[in-house]
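Undergrad: Chain by chain, the residues:
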Amino acid sequence: MENTKLNILPVPTFSSIGVNYVLRDVSEYETESITVREGGSNEAVRFFEDGQVPFHRTDVTVSAGGRLKLVQVFTAKQPTASALNVTLGDRAAFELVQLYIGGSDTVSEIKTALSGTGAEFRAEIGCALSGRDNLDINLIADHTGLRTTSEIHIGAVLRGQASKTFKGTIDFKKGASGAKGNEREDALLLDSRVRNRTVPVILCEEEDVEGNHGATVGRLDGGQVFYLASRGLPEERIYELAARAKLSRAIGRVSDREAVRRIYSALGWGDEDE
Amino acid sequence: MKQKTQVGDIDRSLYDFRYEEDEADFLEGGLTPEIVREISREKNDPAWMLQFRLKALEIFQRKPMTEWGASVEGLDIDRIVTYIRPKSRMNTDWDNVPKDVRETFERLGIPQAERESLAGVGAQYDSELVYHNVRKEAEDAGVVYTDLESAMHDERYAEMIRSHFMKLVPPTDHKFAALHGAVWSGGSFVYVPEGVRLEIPLQSYFRLNARGAGQFEHTLIILERNSYLHFIEGCSAPKYYEAGLHAGCVELYVGEGAHLRYSTVENWSKNMYNLNTKRALVQKNGRIEWVSGSFGSHVSYLYPMSILNGEKASAEFTGITFAGEGQDLDTGAKIVHNAPDTYSCINTKSISKSGGKSTFRSAVTVNENAAGSKSTVSCESLMLDSISRSDTVPVIDVKTDKCDVGHEAKIGRISDEAIFYLTSRGLSEEDARAMIVRGFAENVSKELPLEYAVEMNNLIGLEMQGSIG
Chain A
1 MENTKLNILP
11 VPTFSSIGVN
21 YVLRDVSEYE
31 TESITVREGG
41 SNEAVRFFED
51 GQVPFHRTDV
61 TVSAGGRLKL
71 VQVFTAKQPT
81 ASALNVTLGD
91 RAAFELVQLY
101 IGGSDTVSEI
111 KTALSGTGAE
121 FRAEIGCALS
131 GRDNLDINLI
141 ADHTGLRTTS
151 EIHIGAVLRG
161 QASKTFKGTI
171 DFKKGASGAK
181 GNEREDALLL
191 DSRVRNRTVP
201 VILCEEEDVE
211 GNHGATVGRL
221 DGGQVFYLAS
231 RGLPEERIYE
241 LAARAKLSRA
251 IGRVSDREAV
261 RRIYSALGWG
271 DEDE
Chain B
275 MKQKTQVGDI
285 DRSLYDFRYE
295 EDEADFLEGG
305 LTPEIVREIS
315 REKNDPAWML
325 QFRLKALEIF
335 QRKPMTEWGA
345 SVEGLDIDRI
355 VTYIRPKSRM
365 NTDWDNVPKD
375 VRETFERLGI
385 PQAERESLAG
395 VGAQYDSELV
405 YHNVRKEAED
415 AGVVYTDLES
425 AMHDERYAEM
435 IRSHFMKLVP
445 PTDHKFAALH
455 GAVWSGGSFV
465 YVPEGVRLEI
475 PLQSYFRLNA
485 RGAGQFEHTL
495 IILERNSYLH
505 FIEGCSAPKY
515 YEAGLHAGCV
525 ELYVGEGAHL
535 RYSTVENWSK
545 NMYNLNTKRA
555 LVQKNGRIEW
565 VSGSFGSHVS
575 YLYPMSILNG
585 EKASAEFTGI
595 TFAGEGQDLD
605 TGAKIVHNAP
615 DTYSCINTKS
625 ISKSGGKSTF
635 RSAVTVNENA
645 AGSKSTVSCE
655 SLMLDSISRS
665 DTVPVIDVKT
675 DKCDVGHEAK
685 IGRISDEAIF
695 YLTSRGLSEE
705 DARAMIVRGF
715 AENVSKELPL
725 EYAVEMNNLI
735 GLEMQGSIG
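First to last, the protein sequences are chains A and B.
Quick note on numbering: our numbering labels position 43 of the first sequence as 43, and the sequence is numbered without any gaps.
To get our numbering, take the position in the second sequence, counting from 1, and add 274.
Derived from the structure by calculation, the hints contain no laboratory data.
There could be a bad hint or two in this list.
Simulated crosslink set (DSS-like; lysine-lysine; CA at most 27 Å straight-line) [said to hold, decoys possible]:
hint	chain 1	residue 1	chain 2	residue 2
1	B	Lys631	B	Lys684
2	B	Lys673	A	Lys5
3	B	Lys631	A	Lys111
4	B	Lys648	B	Lys558
5	B	Lys449	A	Lys5
6	A	Lys111	A	Lys77
7	A	Lys173	B	Lys631
8	A	Lys77	B	Lys673
9	A	Lys246	B	Lys684
10	B	Lys329	B	Lys317
11	B	Lys361	B	Lys513
12	A	Lys180	B	Lys684
13	B	Lys684	A	Lys173
14	B	Lys337	A	Lys5
15	A	Lys174	B	Lys631
16	B	Lys586	B	Lys441
17	A	Lys180	B	Lys631
18	B	Lys684	A	Lys174
19	B	Lys673	A	Lys246
20	B	Lys676	A	Lys246
21	B	Lys317	B	Lys441
22	B	Lys373	B	Lys513
23	A	Lys111	B	Lys684
24	B	Lys648	A	Lys246
If you only want the chain B side, here are some residues facing chain A, beta carbon under 7 Å, derived [what the hints assert, rightly or not]:
hint	residue
25	Val669
26	Lys673
27	Asp678
28	His681
29	Lys684
30	Gly686
31	Arg687
Just so it is clear, the structure is predicted and the values come from calculations on it, not from any experiment.
All C-beta atoms in this analysis are idealised placements derived from N, C-alpha and C, irrespective of residue type, glycine included.
Only chain B is shown next, with the shape it has when bound in the complex (with noise of 0.2 Å):
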């Protein structure tokens, strides 16, 4: 008898495992301005921020859901806890750290991999990041790789972050761009000096234990003219029967001549709401590469977004979207064309599994001051069973003449000649699908860090076992 397996019950081995919080840490449930001014005094905001903090709770409070994308009737924003404090302040040494959150990272295997291949790590433990360190040779070129909220209180970046917090993402975007303005906490905060290339990449890793809660980190990266940054995101929860919210929001700045490659893996458990925001503002010749990969999470709202503000900017988004039982994943991406002579590329493939839905969803938009871009964006999916879902909706709107966009799209299933070959060569048929899933994939997987494209293989395989018959 051929063994049946889940994505969520495979994946869960490794992420599927929590320790018991103190509840007394707890903010209440729900979202009033008391509580608010609460999370901004256990943050020591600077005046300006708790009134941040109000307006877009206001805004929050008026602003309509969204007339388009999955359902989010299942999340009750009055029963999640919006704060959780912290058991201790954030380190620099994992040694420092509760043990169980340090054991937390280590089953997840952040420290080694900062001791192997990377140049610095955040490491947020529900609210609050508990560690960020960056290594000698970082801090020696002038990089800045730490919290938003020392920085925040340090008068060498207070300026910057006070004219750039939410700029790209005002809380008016939409209902959870707002409710993130009230309530966000802990993210990194990164700074590269002009003409630093870091060749070694930084990572941030967000982890929510803590049942029913939401996790609001807000991450924001400046790259000065001609520099250079590797940032990956890593981010995921054990599994709860309650509805936990994850309502991020990531703002890149990157400069002249810059080059930014952010890579994130998405495998947040199956009980989440993943409504998170990431943009991007590019200016002259510089260049945002944006690796995606989303495997978990109950429903996922995920765009990031490209402004493409100087002439011969470029944006690439390649992505990755594996949608299995319970699963609702609204993914994609959004390119706007601000100036001449700018580039994109969207790349995307999904894959529909035991009733999944995957949604690819896009914009491109080529304004009239944009004359001479080119853009071209390419989505595949796959549908494994029918029980599963797969749509794709793309818009692309263009205001000018002299540009040349290119679109293209499939949806289908592995063609029985394709599984003929295979096993004609002597693969057995659930190895030959097996073959072929990871193959479509490949373009993907080999863009994302190492050990993330190993693990996204793995899971490919485990996935299709008892596939068949």
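So here's chain A without its partners, still in its complex pose (with noise of 0.2 Å):
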């Protein structure tokens, strides 16, 4: 057995913090390639469950004007990794939606090359952790393109022991004239023992560009929770409430009932119409 360095952070940090890179064997993996023709349109969803290969690399292409929107769920509780590179052409969009329910090791990396000009990224995250689940997501955002957008928004709900690292890098490279790239991350933290880290990254060496990062971490707000309280809700229902509420902006972006179905089953929220 070999590790090898994955989820590495592109500008190393503090050491002491344990963020610049995971060690993982990833020694069996299987591939996937998904390609859009230029002016093409294509939706995919992929479930990574047990008893699959637990490392998967998923190269996907977006030619010039094509739009692909990739849904990936994982859902195992063996030790999964995943790599997925996107490289999109001129005016090309590509949306994820990525849903990570459970899971004792998860390593996930995202690494998008906005190269065409006007390309466009967009990406919904939602993480659902409890007792020792453990997730490790990089996403790399590299702007090399005229006028090209990325939108990420990752939102996460820990719960027990779990533990969650977000790396999001949104790396503006020189030429990318016009570039807009927006981070954003809430993490709501339900129990004393959990730990979140989140390290949003900024890389700009191009002048024309405008760049933001948010992220706001911890408990509920107390007025809000107050408020719910005094309409007469039970304090378990509102962090019920207020759990579902982190994830719903990612599971709204999945169009195929089925792929929701299983979401809603996975998470054990019943039928999606109750």
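With the hints as a guide, bring both chains together as one complex.
TA: Here it is as structure tokens:
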């Protein structure tokens, strides 16, 4: 068994915090390629469950004017690693929806090369972790093309002794004039033994760009709890609703009804219309 | 034709002068146990300090360089002179300070500032303090402000120093902390007794005059319960072609209910490697405020750290970094919330221009025992051209649910709309850009001591000259 460095932070930082990379054995893996032709449109849904090969590599190419929505749902209890490499041509649009539901040890990397003029990348990520779940995400949006945009949002709920690390990098390369990148993380922590690490990185070597990132991490706002309790909701229900809200943004982007049903089932939420 | 200026060029008129040194005063370059013993002998160290230095040297030699941060490839420690014998003993009267040294500090405005607005001044020239004085009223209140070496030999403070020296920043912390432990020299010791509030600031100024040398001063400040101090630190050096090194260390102990404001304006010349370590330990209801301006040096690593160790302790860091041509300034802050109901706020601005690189790097850690804590981080970066670089690399590490942590960061350029609006009100484009940059830096400059704020505003104005067209 040989460990490989995965999820390498593009610009390493203080070693003591332990976010620069993770080590995992990825000797056994499977790959998939998804290509969208010029002007084409596609939507794909992938579930990563127990019993599958534990390391997946997905290569995506969206040609000029093409559109792709990719939904990835991680529910495996076994250690899992995923690498998603995306290349976007001129005016190509890529929407990524990822849901991480449980998982004892999941390592996931998303690298998107926005190399075409006007390429767009949107990511909606939801995480529901509990018990001793451990998740490490490394998302990198490389802006090299003119007027490229990236919109990244991650909502997370952590319970028990769950641990999550989200490294989100917006990298404005020289020449990416007119590029814009926004990144937002909202992590709701519901137990005193959880651990949440957030590393929102912006790298910039181009003047004519706009980059923003924001993060809120912690408990539910006391004012909100008070308001909802005053409307008659029991405290347990209030926290449940807040947890659902963190994930609903990502789930709301999934248009495949069968996929939504499976997601609800994995989350233990019952039927979608309940 | 517009006048094109550079930060380093304009500001060097103030800082870029030097006097010839007698190289017989230099210890041999490089780092060996013999050199460390010689430094210790020159400084008449107590036995424990010599042992400490030798142990730190061992750590330095086996400790690897960090795997992150700006490149220090141009720094050859074997060529750095770690100690320069002083021209005179420390004085409490400027008239007794050697003429060229006195002139240096006069040109930097230190004696004038002492007369007008300071309760005490320490002035270090190369490896040793040449002047230290404190106003009588501060002394009468029990405030101690002296050089660390004298205090170490004073039986009233010897044990205090031994029990605090490099306990917050141990030599094992990183390679340059170990280097500092081995060759430290100069710096200040400040002790503020319980309940004493020193409303007028103390200031230490560090000047490195010698070519190819290092400065390794150690600042140790202890504030007892419910005391207050504003400490100002300034530093500069003339420019040489050889690399110079500053690896100072600042350790701040803020007692229960005490409040320390620590302001720094760093303006080393652009051949300097500024690898400095600053750390504060804050007890219950205590407060540390850092105000930091980083303008000089070729490479900087600077992340003042606040350990909030008592209930309701708080930390605030306000900083600005201005990276121009040939500069790689890696700056930021670290906060550790290690007690309930602690509070921290980081607010930084960085400006990159003419090929300079600025990196904002931070770490906020909220430990399991810090329930009820709150933290907010805000960093804004301004790119003034496309040959520069600006990175933000913050980390938030939260280990409890009962906390509120927020982070906001922005990067961008001066908007065309803002320029259009200001020019429509009659300003030239150049003035409009300078005004916007000054406004961008205003929340930091207003926290600086007045003379530094004025200097920073002038610097920005001069830097912006010729930045269009």
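Undergrad: Each hint should be assessed against the structure and marked as holding or not.
TA: Structure-based check of each hint:
Restraint check: the Cα-Cα separation between Lys631/B and Lys684/B comes to about 16 Å, which is no more than 27 Å; the hinted pair holds. Between Lys673/B and Lys5/A the alpha-carbon distance is near 25 Å, which keeps this suggested pair within the 27 Å criterion. Between Lys631/B and Lys111/A, the direct Cα distance comes to roughly 25 Å. Compliance with the 27 Å bound is thereby established for this hinted pair. With a C-alpha separation of about 15 Å, the suggested pairing of Lys648/B with Lys558/B holds against the 27 Å cut-off.
Proximity of Lys449/B to Lys5/A is assessed by CA-CA distance (about 25 Å); at most 27 Å being required, the pair is judged to hold. A threshold of 27 Å between alpha carbons decides the hint, and for Lys111/A with Lys77/A the separation of about 24 Å falls inside it, so the pair holds. For the hint linking Lys173/A to Lys631/B, the alpha-carbon distance of about 14 Å falls within 27 Å, and the restraint holds. Taking the CA atoms of Lys77/A and Lys673/B, the gap is about 23 Å. The hint holds against a cut of 27 Å.
Restraint check: the Cα-Cα separation between Lys246/A and Lys684/B comes to about 24 Å, which is no more than 27 Å; the hinted pair holds. For the hint linking Lys329/B to Lys317/B, the alpha-carbon distance of about 17 Å falls within 27 Å, and the restraint holds. For the hint pairing Lys361/B with Lys513/B, the CA-to-CA distance comes to about 21 Å; that is within 27 Å, so the pair holds. Straight-line distance between C-alpha atoms of Lys180/A and Lys684/B comes to about 11 Å, which keeps the hinted pair within the 27 Å bound.
Straight-line distance between C-alpha atoms of Lys684/B and Lys173/A comes to about 16 Å, which keeps the hinted pair within the 27 Å bound. Restraint check for Lys337/B and Lys5/A: satisfied, since their Cα atoms lie roughly 23 Å apart, inside the 27 Å limit. Under the criterion of a C-alpha separation no larger than 27 Å, the hint pairing Lys174/A with Lys631/B is consistent with the structure, at around 14 Å. For the given pair, Lys586/B sits about 23 Å from Lys441/B by alpha-carbon distance, which is consistent with the 27 Å threshold.
Restraint check for Lys180/A and Lys631/B: the C-alpha separation of about 20 Å stays at or below 27 Å, so the hint holds. Pair hint Lys684/B plus Lys174/A holds up; C-alpha atoms about 18 Å apart against a cutoff of 27 Å. The hinted pair formed by Lys673/B and Lys246/A meets the criterion: a straight-line CA distance of about 19 Å does not exceed 27 Å. Distance hint between Lys676/B and Lys246/A is fulfilled; the C-alpha atoms sit about 18 Å from each other, no more than 27 Å.
The straight-line distance between the Cα atoms of Lys317/B and Lys441/B is roughly 21 Å, inside the 27 Å bound, and the hint therefore holds. With a C-alpha separation of about 21 Å, the suggested pairing of Lys373/B with Lys513/B holds against the 27 Å cut-off. This hinted pair checks out: Lys111/A and Lys684/B have alpha carbons roughly 22 Å apart, not beyond 27 Å. Between Lys648/B and Lys246/A, the direct Cα distance comes to roughly 21 Å. Compliance with the 27 Å bound is thereby established for this hinted pair.
Given the 7 Å rule on beta carbons, the hint for Val669/B holds: about 5 Å separates it from the nearest Cβ of chain A. The interface hint given for Lys673/B is met, as the beta carbon of that residue sits about 5 Å from the closest beta carbon of chain A, less than 7 Å. Because the closest C-beta pair between Asp678/B and chain A is about 4 Å apart, less than 7 Å, the hint holds. With a cut of 7 Å, the hint placing His681/B at the interface with chain A holds, because the nearest CB-to-CB distance is about 4 Å.
For Lys684/B, the interface hint holds, since its Cβ comes within 7 Å of a Cβ in chain A; the closest pair sits about 5 Å apart. Proximity of Gly686/B to chain A holds as hinted, the smallest CB-CB distance being about 5 Å (cut-off 7 Å). The interface hint given for Arg687/B is met, as the beta carbon of that residue sits about 5 Å from the closest beta carbon of chain A, less than 7 Å.
In summary, this structure violates none of the numbered hints.
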